Structure formats: structure tokens, C-alpha cells
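Visitor: Protein chains in written order, with the working numbering: chain A, 52 to 148; chain B, 322 to 813.
Check before you lean on any hint, since a few could be wrong.
Said to hold, decoys possible - In silico DSSO-like cross-links for lysine-lysine, where the CA-CA straight-line distance does not exceed 30 Å: (1) Lys-599/B / Lys-727/B; (2) Lys-588/B / Lys-599/B; (3) Lys-64/A / Lys-412/B; (4) Lys-701/B / Lys-599/B; (5) Lys-727/B / Lys-412/B; (6) Lys-588/B / Lys-803/B; (7) Lys-64/A / Lys-662/B; (8) Lys-803/B / Lys-64/A; (9) Lys-731/B / Lys-588/B.
These are computed hints drawn from the structure, not numbers from a lab. Owing to the predicted nature of the structure, the values given are computational and were not obtained by experimental measurement.
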Amino acid sequence: MPGPDLDVRYVAKLARLALTDEEARVYGAQLADILAHVGALNELDTSDVAATAQVIESRNVWREDELRPCLPHDEVLAEAPQAQGPYFRVPRIIGEA
Amino acid sequence: MQGTTAAETARAVNARERSALEVVEEALEHAGRIDGEVGAFLTMTAELAREHARRVDGRIARGEKLPLAGVPLAVKDNMCLRGTRTTCASKILADWIAPYTATAVQRILDAGAVPIGKTNLDEFAMGSSCENSALGVTRNPYDLERVPGGSSGGSAAAVAALETPIALGSDTGGSIREPAAFCNIVGFKPTYGRVSRYGLIAFASSLDQIGPLTRTVEDAALAYDAIAGLDPMDSTSVDVPPQTTIDGLREDLRGLRIGIVKEYAAKSLGASVDAAYKAAYAELERLGAELVEVALPTADYGLATYYLIAPAECSSNLARFDGVRYGLRVEGADMIETYEKTRAAGFGPEVKRRILIGTHALSSGYYDAYYVKAQKARTKIAADFENAFGICDLIASPAAASPAFKHGAKSDPYSMYLMDYYTIPVSLAGLPSLSVPCGWVRPDDAEHEMPVGLQLTAPLFAERFLLGAAHAYEQSTQHAKKHAPRLALGVS
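Just chain B, with the same shape it has in the complex (with noise of 0.2 Å):
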């Protein structure tokens, strides 16, 4: 039954054919058996699983329907869920205990979804390939010696390899769509502000934001339809009501104009993985889209406009892990020393980096320099695709820059940095953007073939436009089940 999608379970459960307390047993059976190679768990929530399942069955037998009754979901550990271990895969928050639930958490929970564990990351979302988690190794299910990308890889590990059909991730520069996309899935990132992030570990404020990863667009729009929608808990949730995405999937592509990005493609991923995207650009036109040529010609400064904005905000929002209201604590001599050393001891490399970095750039003399040049270029890089949509209504693009590579392939910071190319204009744009599977490419130092990602991309609050055509999409070419996950001890 581990194949089994969101919107089926949920279909099964309310018709009492099955109880949300049998799939949530086998869910935990099968991850039990699995997770060991995966590792896409930092915390198992069996318990919790058990009584929020019979909670549900209890809904269900006084006659409520739930669009997620009893379905198994995976909840990225940056958000918190009262009464269970919430660390962001850090040291410095390696034994909190969260004593509230993150709003989205809370709303796909009331759902009827039911939670099975926290899933690992790079430490506080700084990353792309998981490898930057202190608390453990993801591994890709579509191929162990491979990174599942990141950050929310745990996420994506946990839904391609069938141990739940929904994660919670959390995206600021592409961290929903590039693990997506490394783990044959779809990740889909809402546009800023339609999911509350109350409960949800801050990075990068004016950029993070939660979204599903899924195997299918139309769970992603069942997850996405329970987790959207206005917060007072977080002012900078929109009051844009949200439309219902489940009711708008399509068959078909007629009538849209999709824009394919000049600059793009005239860069080459290699034959392959060119080869793979002319031939999605291609099915889209087949499906009736017209296809459109759009300029993007600030999108080559995204990299450097966010490894700016980012460390900034992170800078600011990490100063608050100080050993003093939670997490972990190194006494110093005095309460300076305590900082110092606590930090010290807390944070990983990547962490210390872009703490370094955005200290630096908000600092007296380079603040006008590095941080407002930078929220300048963004101005510039929203204008572009503002431009772009007034001839298209959709953009498509490569999600990442490549398939999953190896663990420990990116050795300098930088090289990492660049797997997000495509995404990081995007979200600094503040844009609804998702990742469906797109087709397969061999690359060089592999025997088979690996999963690669079309980056899909609407105008702001479009999310009911974008989910519909990625529906299209994905039901015409099926490119997610040509290869099941390469797992020891199988999926089935």
C-alpha cells in the first residue's frame, strides 16, 4: 500500500474502507524497515502518529469528511510541533522540545493528516544537498552514494521513497524545488506570505516559506489548499484570499503562452540534461501552450543579490540562539564569553559562514554597499519577471543545475551556492514556483539514470493557475514512475 497518493488515502479513510490507524501502522512499519538506508528521519513520532490517528478515525466515525483523513506526513524539523524535538539538525537546539505547533503544521494536522516524524535538513535550511545537517546522513533513495539535495532533503527522501505521500518543506532559495527535483518528485513553493510561517525556525524572513513536497501536483494541492491562507500569528501573511487549487487541475495546456528564458538557453547543463528540457518545453507546447521567448537579464545577478539578503536576515535571526532562553549553553567567564562560546560550539560551518558573511555585510561602513545594493538588484530581478509575464503566463525553466551529484562532491561553498541558479531569482521575486518531475539523464559518473526537475513559475497568488498546468504536465508524460526508487530492502 506504500504507493498509495494523499488524495487516495484520504478517499479510503473517509469512506471507512480503511482507518487512519491501519495506514498510519503500516507507515511506521515501513519506514522502520527503510529509513535505516534513507535516513530521511531525525525523530520518529510513533506516539504522537497513534492518537492523532485515532483522533481522526474518531472525526470520521461521527460522520466528518477530511481532505487528508489519516494521511502520513513528514514534517521538515525547523517547524515546530508541541511536545516533540524541533532542531533544526543543530547542536544548538539538538534536545528542544517545541512548546507550540507551527501554524501550517497545525492546519494540515486539523486536515485529518497525520504526523510520523520530523525529517532532517541542512542545519537552519542553510543548504542544498543535506550534507550540512550535524544530526545525520540523508541518502537518495533513487541512488544511496547521491545527496537528496537540500534543504529540506529529509523531506524529499521521505516521500520518493514512499514513507509518507506528503512533507512539509521550507523553501528561501530553492529549498522545496531542488530536493524535488534530486528525488523525482514535485516540490511546489506558494508565493511569499500565503502560508503562515509562525512555528517555523526563521533563516531568511523576507524569503522563507513553507510549501509540500509531494509525488503527485494533485496531492500538493490537497496539502497546499489545507495549509494556505491568512495568520495573524505572522504579519507577513497575506490577506489575499486564497482559491481552492484542488478544484483547478487541467488536462491540458490550451490557451496558455509559456515563456522559455533567453538567457537560460543559452547556457548549456551538458547534452543530457539539455536534451531532457527541450523535450519538456516541447510536450508543453504539444499540450497546447504557445511558447514564448522572456528576457530575465538581472536573474544572473540572483545568486549574488541573495548570498547577501540571506545571510543578512540570518545573521539577525540567529543572534537569538545566545545559550540564555533555550538550546544549548557553554559557560564562559561572563555573559559575552557565554555567547562566544556557546555559538561556537552550536553552529556548524555553514551556519558560522553565513553568519560571518551577513554581519559583514550589515555592518557600519558596508551596510549601503553589500545589503542595500543587494535589495536593490532585487528590485530588479521582481521587475524582470514582472516583464515577462505581461507576455507569458507561466515561466519554465531547469529547476537545478544538475542531477543529484555524489555525497561530498562539493567541497567549496560556492559550488553548492551555484545548484540553486534557477531557483534564487524566484524567490527573491517572492513568485509561486514549483518542481515536477521532468525526465531522466545518465550522468557521467553513474551507471543509471537520475530524476531531473521543470521548474514551473507563475505571477504572484497564481497558485491555482500554476498547479493546474503542472497537472497537465505531469499526467500527459508519467516521467515519475519509469524508475522506482533503488532501495535494498524495496519499496512495495
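Next comes chain A alone, as it looks inside the complex (with noise of 0.2 Å):
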């Protein structure tokens, strides 16, 4: 059973996965109770303090906007699912009017 606040049919539906209705199941329980655990958060009073995004603090960095070599577009392009000339090449996106 998922959780009460854990719609996993939504959430597989934000991350782009089609789940199968068995895996739909399995995953819906193990993410309830995977929630409940992550739950013992609500016991700790963090009203004090605030986020952290990462612990070493980062600051901006400054370079000159240089043209520099890239990676070869046909050793990048060979990697590729299917390219045509310089190109990534995609099921039609935009539907026809």
C-alpha cells in the first residue's frame, strides 16, 4: 500500500519512468516505508537554524570568456542513440497543426 501522502503512479509520472502495475506495488510499499523511517526527522527542532546546501562555502568564480576547444562533435555524436549529420536525432516533439 503507499503511503498517505505518496502517490507513486504521480511521482513515477514527474520522473519520466513507466512503472509496471507490479512494480507500481512494490515500490509504493517500500517507499511508504522507506518515508515512515526518514519520518524521525519531524522529532528534531531545526527552527533555529538554517538549510545547508553543502558545507564547504562556494563562491562565485571569474574567468576570461575564452573560445576553448570542445569535445569532437563525432566521437560525442557516436555515443548518441541515433544523430543525423551534427545532430541529435529525436522522435518528433512538436505535432503537426
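Please assemble the complex out of the two chains, which come individually in their own frames, going by the hints.
Guide: Structural data, given as C-alpha cells:
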């Protein structure tokens, strides 16, 4: 049974992940169990602290905007599922009017 | 010659007593003979290894001295090595050839190391046993029925089985330290940002860090010195000049205060494991350290925090695997269906679970309750460590919640997550940390002993200090040498 606040089909749609009925059932139950464990965080008072995205302070780095060689197009496109000329080829995205 | 350390090999090659090509031919021969049993490697790179070995021999002939001259190297298969298959142990990248080389890999090759192959891992580094690999089974060289740990399980097994003296791994929540503990070797995760992540295929970007797995602390120091340092290709790589660690190795611990965590001492991991750690702490004291009690009151929330932050970041990072630019594509009726079918066919169960948790935690209506809450918990966990380091120089703890378990023993996801109870809080705080062999215990379901690891953790950027202290402990105990790997074909 999916947890009260996790609709596994809805989340899978957001994640662009097709699930079989069996997967939806199994993952739904497993995710509910994991969420029950992480729910322990609610016991922790965090009202007095700020969120930490990463522990090492990062600051902006500037560099000259200069042309540099990129990866060779032919090598990169050779790894594409489908390529055409210098482009990645994908199924039609825009429908016909 | 297979027990040779990286330091010994580099010395011999630099002195021209041995050629890099000889060393690497031996390593390839040994790996070819035993890796059928161990399963550490997904891909052997024999031709590339010979090419690199000849190049190293050329440099030595011209009078260069290289810190890792001719040292055979294994690389976890989530790091790019140009021209070589880089799979992340996933069906979605099973045939992908990397068009560039990761900075850390390039640096260790420049230091003279020779890459003999790419090692198995839990798919996209998500797991603690290597069982989540979609491409192969890796076995623990100290008991083939048991897991090598994970996610850098192939790297740990390769080093433990004497296939290479150094392997590169990556650690997000314990993925270097836990397999090192399971396989009786040293596993070192540097401070977050010390080693460039460029070319490391991302899992959780605020936590991922590359580090070495080796049989000795000295070799870990040599490897770390080669790979650490600022890299303009990784905006999170830190601009704090790394101190060399190889000349900071100590023989005693006089003047050090080592923190023993109050909350951990109250938890039992079983009588024999508890006894091993008690003996380890006593040995630290015998070496001159003063043991002090420290508190990490929010560390117990580490797992919950991690299992929101890491999946959230993974759900975002793995969005790039959409069947457009690289890897697998399964055609659907339209683009959306192509994404959905590609990802359904390409990812394994644990990766799917984490994408789903992460997507949920970041989704509208849940973002504050889950993701922001976890980021705040992370602040508290990091503050706990900062407070503890106010009264101690290092923290000692178990590296893993148990010795290596049998394949298939952890069937529900959360029981697997618990293996990383001690490593995860350290990762959330970004601290440098390692596991060093600290004794042997006999699990209830075993006829023989299995290794356990001591986790030592230092303040941010204190790698030199951490490796120095670990060396003193390793040299005085020599725990790793008590038992040899249990392989039918032997390792000599």
C-alpha cells in the first residue's frame, strides 16, 4: 500500500519513469516504509538553523570568456542513440498543426 | 610479486629495477587468473595499460621520477576514462564509451599509475553491497559467499585480492569506507571538494567525493597527493592548497585527543564486534592518544537526512539519462513515452526507488517538509561535529554496522541503508574520513573470521593529520596481515 502522502503513479509520471503494475505495488510499499523511517526527522527541532546545501562555502569564480576547444563532435555523436549530421536525432516533439 | 604495495612498486620502477611494462603484465596475468572468482572488474583495459606502461617507462628512461611509477590502477566504473566503456554498472550506459577522462583519473595517470581496468559498483553508486550492479556479481575475497560492500565493491575487492595496490572509488554516504572495512583494506574519503568531481558521473553532487582504496595508509597518502587539488572544471573543487600527506605519516599518537562518541558507545553491534572496537580504542590510547568522550546528539538523524538529500539530488542528476544524447533509447510513440520507456528499461530497482523518493521530496507541496527539513538537519549534524572537534582532534568509531554479510541477506531496502549508519553523518558534514582494518570477528553464520574497520574522522581539510594518525595505528597493529584472502586460486 502506498503511503498516505505518496502517490507512486503521480511521482513516476513526474520522474518520466514507466512502471508496471507490479513495480507500482512493490515500490509503493517500499517507499512508504522508507518515508516512515525518514519521518523521524520531524522529531528534530530545526527552527533555529538555516538550511545547508553543501558544507564547503562556495563563491563565484570569474574567468576570461575565451574560446576553448570542446569535445570532438564526431566522437560525442557516435555515442548518441541516433544522430543526423551534426545533430542528435529525436522523435517528433511538435505535433502537426 | 602481487603483495607489493604502490610505494614499493614505484620505488623499484623509479630505480629501474623493474619496468612498468613488466609490472603491468604481471598484474594483468594475476587478474586474468583470479577475477573469474572475485568479479571485481567489469572491463579490463589491457591494451591501454600496456600503452600507459610504455609511456611511463619512457618517462623514467628520460630521468623523470614519478610518485606512482608503474603502479597498476583500478578505476570504479563511474569515472570517465577516454576511449573506455564507462557503465556505472547500469544497463542505461552499458555500451557508452567515455569521450573524455575524469580529472582525478588523469592526475593519477600523470603520476605514473597504469589503468588495468574498470571496477564493478552498485548501479550509479547506489548501494552498500555491489548487489545493485546490473552488469556483474562481485565477491568478497575473504569469503566468496559474502558481499564486498558497496558501492565501491569492485574497487575494494580488486585491492583485497591483490589485483592492484590502488583503486579509485567514490563515496557519497560511505561507499569507499564500508567496502574497505568489509575487504580488510584502507578506504579514504577526503574532504568534500578536495578532489575534483569532473568526469565522475554524478549521484548526489553535494556529497560525492573521489578517494583511494589501498592496502596501506602510505599508499592512500601517495594516491591522495596525486589526485587532490583545485580544478577549474569543477566549480565545487576547493581553493585550499592541499598539504602533502606522504611526509606526515606518524609512528605514535602522542599529544592527540581522540573522541569516542557517547551515543555510539551506548549501542551494541554484538559482543565480538564491540570487543574489537574496544580493543582498537585501547590501542589508540596505548599509542599515546588521550581518549575523550564526545557527543553527536543529532547523528542518529543522519540516515533520515541522507535518504532525503541523496535521492533528491539523484533524481535531478539522473534526469539527464533520457535516451537523447547517450546510452540506451527505447522508442515510444512520442518523446515523453520515449523518456519513460528508456528509463524504465535502463534503470534497476534501487535507482528507480531513489529517483521516486527524490522526485517526491522535491515535488510541489512536499519540498519544505522533506528537502528543506533535511537540509536543516544537515546543518545540525555538521554543527555537532564542529562542537566535538572543539574538544578532540579526531573521532574514532565503527566504519560499518556489521562485518560483510552473505549475498541476498538484506532483502528490504532500509536494512541495507542501515549498514552506513556511521559513515553517513560524516558525509553530510563533508569531513575527511577513512576506514583502516582494526581486527577480525567471526559472524554467527561463518566458520571463519571476517575483518572489521575502524573509522577515523578529522576536521575539514585535515587530511594530512588524519592519514598520519591512521598510519601509526596501522603500523602498531598490523591487523590486515592476520589472514590472507580465501581464494581457490590463491593470490601469490
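Visitor: It remains to establish, for every hint, whether it holds in the given structure.
Guide: Taking the hints in turn, this is what the structure says about them:
{"no.": "1", "hint": "Lys-599/B / Lys-727/B", "result": "holds, 25 Å"}
{"no.": "2", "hint": "Lys-588/B / Lys-599/B", "result": "holds, 13 Å"}
{"no.": "3", "hint": "Lys-64/A / Lys-412/B", "result": "holds, 21 Å"}
{"no.": "4", "hint": "Lys-701/B / Lys-599/B", "result": "holds, 28 Å"}
{"no.": "5", "hint": "Lys-727/B / Lys-412/B", "result": "holds, 25 Å"}
{"no.": "6", "hint": "Lys-588/B / Lys-803/B", "result": "holds, 27 Å"}
{"no.": "7", "hint": "Lys-64/A / Lys-662/B", "result": "holds, 12 Å"}
{"no.": "8", "hint": "Lys-803/B / Lys-64/A", "result": "violated, 53 Å"}
{"no.": "9", "hint": "Lys-731/B / Lys-588/B", "result": "holds, 21 Å"}
In the structure shown, a violation is registered for the earlier hint numbered 8 alone.
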